[in-house]
Amino acid sequence: MKFNIQTLIGAGALTLAFSSCGTSDTEPPTLCQAQNLTGLPSVTLDEIEAEAGTSVTVFDAFCDDTELGEVRWDLHSAEGHEHEEGEEEGFVLNSGTDWAELETRALEGTSAEEGFTFDVPLTARGVWDLVVSVVDAEGNAAPDVVGEVHVENDYIPEFVLGQVDGVSPDTWEGEPVWSPGSSIVVSGTVRDSDGIAEAELLLILEADESTVWSSELQVSGDSLVSFTETVVIPADAVEGEYHFEMEATDGTGVEMHTGFHVEVE
Amino acid sequence: MIPIHRASRTGVGRGHRVFGSFSGVCFLLFFSGVMPVLGQIPVTVHGHVLHAPHFVPCSDAAVQAWPCGTLVFTDADGRFEVFCPGGVDSLTVMSHGHRVSGVAVSGREHVDIELEALSVDLEHAEIDGRSSEYVPEAAQMEPRQDLLATLESVPGVRGLDLGAGLIQPVFRGLLGARVAVLEDGIPQVGGRWGADHGVLMDPELYGGAEAVPGGGHVWLGPEAMGGAVRLSSFAALAEDEQRTRLGMQFRWGDSNARLHVLHRQRTNRTQWHAGWSARQFGNRNVPQSGFQYLGRQYRLDASRLPNTSGQALHGVLGIRSDATNGWGSLEMRWSEARQGLFPGIIGIPDQQDLTTDPDVMGWELPLQLARRLQLTGKWIHHGVLDRTLRLSVSRNERGEFAPPHAHGFGPEPSDDLSLRLEELYAFGESRWEGVQGAFGVQMEWLEGRTTGWEFLLPDHTRQRFSFVLDRKQGRGRLGLRLDAVHVTHAAHSEPLYGPDGAQIGVDVRTDNLNRWMPGGALSWHLPLTLRPHVRGHWTTALYSRAPSSYALAANGIHHGTFRFEQGNSSLRPEQSLETRLSMGSPEKAEGALGWSVQAFTALHRGFIHLTPKASFAPIAHAGQIYGFEARDAFRTGLEGTMLWGWGNSRWEHSLALLGQWALETGLGLPFTPPADLRSRVQHPWGENGFVAIQHRWVAEARLVARNEATTPGASLWGFQCGWSRSGWTVSLEADNLANVAWLDHVSAYRALGLVSQGRWASLRLTLDVGAADDR
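Residue numbers (the working numbering), protein chains in the order written: chain H, 525 to 789; chain E, 54 to 828.
Worth flagging that the hints you see were computed from the coordinates, not collected in a lab. The beta carbon of each residue, even a glycine, is placed where N, CA and C say it ideally should be. Check each hint, because a few of them may be wrong.
Said to hold, decoys possible - Computed footprint of chain E on chain H, listed as stretches where at least three residues anywhere in the stretch have a Cβ under 8 Å from a Cβ of chain E:
id	region
1	584-597
2	618-629
3	655-664
4	777-789
Stated by the list, open to error - A few chain H residues that don't get close to chain E, going by computed Cβ distances all over 10 Å:
id	residue
5	Gly705
6	Val709
7	Thr754
Given only the sequences and the hints, what does the whole structure look like? Please build it.
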């Protein structure tokens, strides 16, 4: 066999040219906000206000140059992560963070208007992220669009923290770090229009869910209770992740849980 | 003239024959003129012709008497007697394979003559012959500090790195089930379809390792499509002796420590070996402060990836016994890797999950456990046809453990076992080999069982029966393999729950499958010689490969790729036509240039790969669904090396280029590695040491698949020095000296925007010592 390098190069070039003949739609779909004339809130708004116990509809229009595929709404608590670099929500006491919604819907044509309706449970309070994802029929994915849903709640008791260890929680960057053997003064209020029947503060080791410190607040059915408690971290406390739990029950028996993460080291 | 004719028939070299005749004639002319003057000439002369230098009688030698020309032949004792009526003045003696000798009789009646055997001094000899075990395209891999570095020492080969126990070889952009890993010819399984399911092995516990690029190698099985890593067991020691190899290593950066010991001992015809290695490593250091996953931003507080620490243990025990007509061996290998899984690998992490543990060596949930136990036997019997029989059985286990979490509205699981894959595997090969080639049969059987609350793959089986023929044709070699692959997998369904927790239906994840699939390979290999010092190989192969059980039946979140992946039971074997060219010229002398180039083009019909679908996963912590589809593809690329030496210094460059496209769309195939250029300058340091500066330039990855992000390029500097003497070797290596935050396009961590390891330095000490060595 006579080796011919020119033949090889020619064949390779031919095949390479052939390979570039394939064409495909690589343009991702978009949220075409201009076509949304319903007046309903869009995910592109800076903030969507929602009231616990109500139904909310978020309405958006989607466009693609060839054919739309599917849209997904992913509503989840904003606790524990950010969606944009530098996003600063500040300190928020969330309740009912287990609540999440996930819905997908097939889309047809080159443009479609769709509304996503969700019922806000009475247990929810705080900030939720609504992530809208859309793909076209070829599988091209648009960048996720993330909106914030601020959930107000007049049904369950509400804790407000004034100072923790001498500073406002709003000044925290990341989660607080406490030391074994230290004492942390926590002050704030808890209120409910139906009166506060019970309220308790707890420090729970997440690894085994054991309670390492707790204190029941002195309440007498008032609608607003102020408190100042000293959290004592045991000297032999295991280093790791803890949860500072705040629980309250109003005069009608409605319970509420909230809190924040603490690192003990 | 008779002697010359006889010599001609014997095939003695032309130059020597002419020289012998010419010198003999000159000799005769000289003595025929001089001897009559010196004394009386005998009419009958007898004597012996003997082989020099041991005076062994030389039979059938031709003895010609001069001047009459009478010709006689020696008997079995080398004796002759010759008569000339006018007297004998000289003799000419000729024998096959010996120089022609002329002897002056000088009045003697008895003459003993010694003949010198013909010999030729060769500057260079080439033996054209090879075993079917030999793959000419293979490149030797030198054991380096770890498997990743060992793989990446060969241009075009990379390692997909998710931790010490989680490294996958990537050959020319292909990985997983498209790259075969063979231990002494035994294919390795263990969930190889998963990018995160690494190869459980330590290169230090093998006799050698080589990288075989490309597909269609008939003896390496259908999985060797992108290429193969061939690991060999230990060869027989040359004589009765003991050898022990010790090594220890520490790497700053991720506190990676390793220790290994290997002992080999031969007594008479029996040799045994035993060895183990242990590695412990901490959380990976990365020059990065945050990353993104499914649109969520996370912070990394201490420039480390939390919960990526782990440990790996490997062991080997084997025995080899030589017999008169062959040898046999038995070997057992076991491995275990246990490693924390970065919180983003399973589920959506909370920021507090990423808090760095002060104990960089500790790990917690989620974590991965991988185990392997393998027993291998090999018997070789020499005969008219050499017979080789290989048998192997193994058990491979992989488990992922994670905090229990429910998908959708289902109940929360009660244990930590997210997914366990257990594979029982058996392989057998019988091979007959002769001068003209080899043939044989291969059989493999795999049974895979999966459990855990995170469904990904159903129980499945796979059997392969292959007939292999490998025959020498002229200068080339023709290979043929015919495969019959039988695959099955079980149906799997799960309860479907509503928002109130009540079961509202059944979620069917997979259906039954039971199918035979044909396949095979046809290859033609031809050695090439363009110039005396420019040689290489040309290979053309047509081959097919049956889809993996994973490509047929997966349906769930694959944590190793952070995606929801769906199999496709309608997939058929993919077919490929591949041409490879390898040329090179070794460095010949000081100041000369050595080079080599390996290039390939491949057309794939129905190339099976994951493509994004127009739908989303039904669970929150997975994004778009990726499904296996078969689309035609074209791949091409080359690897080149250039080496220049002066004195004991060396200057090396290597380049790897790869392009691979889906023909239907014109887009790149997923995880196409970008161009990679490596340079290294090495100078001697004293008599036994060296110092080297190395640089790696990784180009920007622009050839991407749909929805795949481009990856910026990187420039990485490294340093290496070493010293060796009398079996001791000490080496220090540092890489990514500038602590560059660079993304590896082929790494699964790339999907999270997580960079590769930052600056590290590794100190390594090895000692190879024999029994007689008093150290």
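> Against chain E, does the region 584-597 of chain H show at least 3 residues with beta-carbon separation below 8 Å?
Replying inline: With 3 residues in contact (Cβ-Cβ under 8 Å with chain E), the coverage given for the region 584-597 of chain H holds.
> Residue count check for the region 655-664 of chain H against chain E: does it reach three with CB-CB under 8 Å?
Replying inline: holds (count 8)
>> Would the non-interface assignment of Gly705 (chain H) survive a Cβ cutoff of 10 Å against chain E?
In response: Answer for Gly705 (chain H): holds, closest chain E Cβ roughly 17 Å.
> For the region 777-789 of chain H, do at least 3 residues have a Cβ located nearer than 8 Å to some Cβ of chain E?
Replying inline: With 3 residues closer than 8 Å to chain E, the region 777-789 of chain H meets the three-residue bar; holds.
> Can we trust that Val709 (chain H) is non-interface, i.e. its beta-carbon lies farther than 10 Å from all of chain E?
Replying inline: 23 Å, holds
> Do three or more residues of the region 618-629 of chain H come closer than 8 Å to chain E, measuring C-beta to C-beta?
Replying inline: With 3 residues in contact (Cβ-Cβ under 8 Å with chain E), the coverage given for the region 618-629 of chain H holds.
> Taking the closest pair, is the beta carbon of Thr754 (chain H) still more than 10 Å from chain E?
Replying inline: Label holds. Min Cβ-Cβ 24 Å, cutoff 10 Å.
In summary, the structure agrees with every hint in the numbered list given earlier.
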